[in-house]
Amino acid sequence: SHPAPQFSQSEAIDIAARHFGIAGSVTPLDSERDQNFKLTAPDRSLWILKIVNASEPLGESEFQTALFEHLERNSPDLAVPRLRTTVRGISLAHATGAGGEDHAVRLVSWLAGRPLAESPSTPALLESLGGALGRLDRALQGFIHPGALRTFDWDIRRAGAARQRLHHIDDDQDRLLLERFLDHFDAAIAPRLPALRAQVIHNDANDWNVLVDPERPERVAGLIDFGDALHSVLIAEVAVACAYAILDAEDPIAAAARLAAGFHAEYPLREEELDLLFDLIVMRLVTSVTLSAARKERTTDNPYLSISEAPAWRLLRRLGAMNRRFATAILRHACGFEAAPGARAVTSWIAANRAQLVPILDRHPATLAKALVPYGDPQNPMTVTSAAQQPDKASAWWDAYCAEHGIALGIGPWGEARTVYTSDIFHSRFVEGARRANHLGLDLFMPAGTRLYTPLAAIVRSVEIEEDPLGYGCLVALEHAPPGCPPFITLWGHMAHEAGRRLKVGEHLQAGALVGEMGSATENGGWAPHLHFQISTDTSLAAGDILGVGEERYLPVWQELFPDAADLAGIPPE
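Heads up: the sequence shown begins at 216 in our numbering, then just goes up one per residue.
With beta-carbon atoms standing in for the labels, derived distance ranges:
no., residue 1, residue 2, range
1, E619, T737, 18 to 28 Å
2, H642, L587, 25 to 35 Å
3, A649, K253, 41 to 51 Å
4, D229, H382, 41 to 51 Å
5, I640, P593, 15 to 25 Å
6, A402, G304, 46 to 56 Å
7, P788, A696, 25 to 35 Å
8, T737, H642, 24 to 34 Å
9, R233, A339, 44 to 54 Å
10, A402, P429, 42 to 52 Å
11, G535, R412, 26 to 36 Å
12, D386, D577, 55 to 65 Å
13, P429, I640, 37 to 47 Å
14, E433, H642, 25 to 35 Å
Please keep in mind that the hints were generated in silico from the structure rather than gathered at the bench. Since this is a predicted model, take the numbers as computed values, not measurements. Every residue, glycine too, gets a C-beta built ideally from N, C-alpha and C.
Work out the full structure: start from the sequences and follow the hints.
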């Protein structure tokens, strides 16, 4: 492609006067491919004079002009730049460069506002940005133009082409991270894109192209720079905006969820679009860092190119450590969908059929004297000793308590906030500097060796032994598919290793079949003996990925992904 146009300020003043009848003053603005000037007219009105790169096909300039005309006719209230026609009454002018090359030129109104890049990001502002993009895309719904059908690096459907730029990435770990993202995109995302809704979109709501109202900093005042607009998948509009808006967020997925919810309120998204949003945010960033790396080798003096590079890498590393299914559940939930398809049907089926389930203990839990295990109380000796990884002391305290009060079964309830999760495995992957502290399973405390039975017919999904301190020890996952209920998984954690040796993956278990026994502290991850019993409504998750402890702010999401297993275990509501 041609270098950016090189018109002087006096030439720009001459173009504005000759073609648009404005004898004003100009200030140069940053741009990557084109040349932009801020034009101040004698009446103090402000404009942007855009001189388009000579390599841009005329059809693309005509497409942008047609897009502005469409919005002018159909949505005059949208906060987007407005075209000014030439003295001859047409939308595009032409100027000849020093080398004789032809440049399209247009004049659009200057929008006032502070760039999002220089504004403090708040949830309300992100929602406002989503809403502004939703209104814009609704207005563009029926619009099409031959120039919109362009082949372009920044089209998210072509994100797989970043693989050809990987050799520009010097760091081995970073290159491996991008390879992992690209492999997933090629295998699981790209094949699903052709089935999604497609239309003309802005495609570049980065934090310099979004303007914020200085008087009302929670409101987006306008969108500028339609130079990357094209016909692509609709959800790319949300993905691109998210990629920039969440760059330095403390909780990037929560930020993306607010933006998506704002868009969804104006232009409803579909489940199959939201299911790809996380990966498309990732791929926008992959495109960005690989293009920056490739161009840095070719040009040293365009700071515009590497403006968002360091934050983009930081965000990519954070996204790479997240579970995409959990991120997607948060995004779905924010737009009013179930965290996992069928989640609510699983919970209601179990509640409706609880009386028909086989008891998971030799004696029905409803008949046993029960007490809450004091993990919810940070001062309790059992909590303190468990957190200090002293399971023998914790067990001794609990055994004495049970003997004194005649308790046969200890219960650790779902959702309880606990201070026992002290090891590093409990750092949040979603929220910077936060820990996971809320229990997402149901704990049943009984002596080591207590036998445990499946309440429903099942297939053994996986069996693994975890060695992490305060981990699961022996972990068994069963899949259940009772008639009339979507399939779901049960997780059995802190088991004796005997189950790990006996059960075979793919084995069928009848309702009431032995799963295994509660493990002792030496084999259950270092806990007082108990079963961590948990449901996952997302059957695609591997056992080790099912979150046993979660962030409090996401409890409504975890409640659908990993609902309370009390009904399944036969624990009465009290």
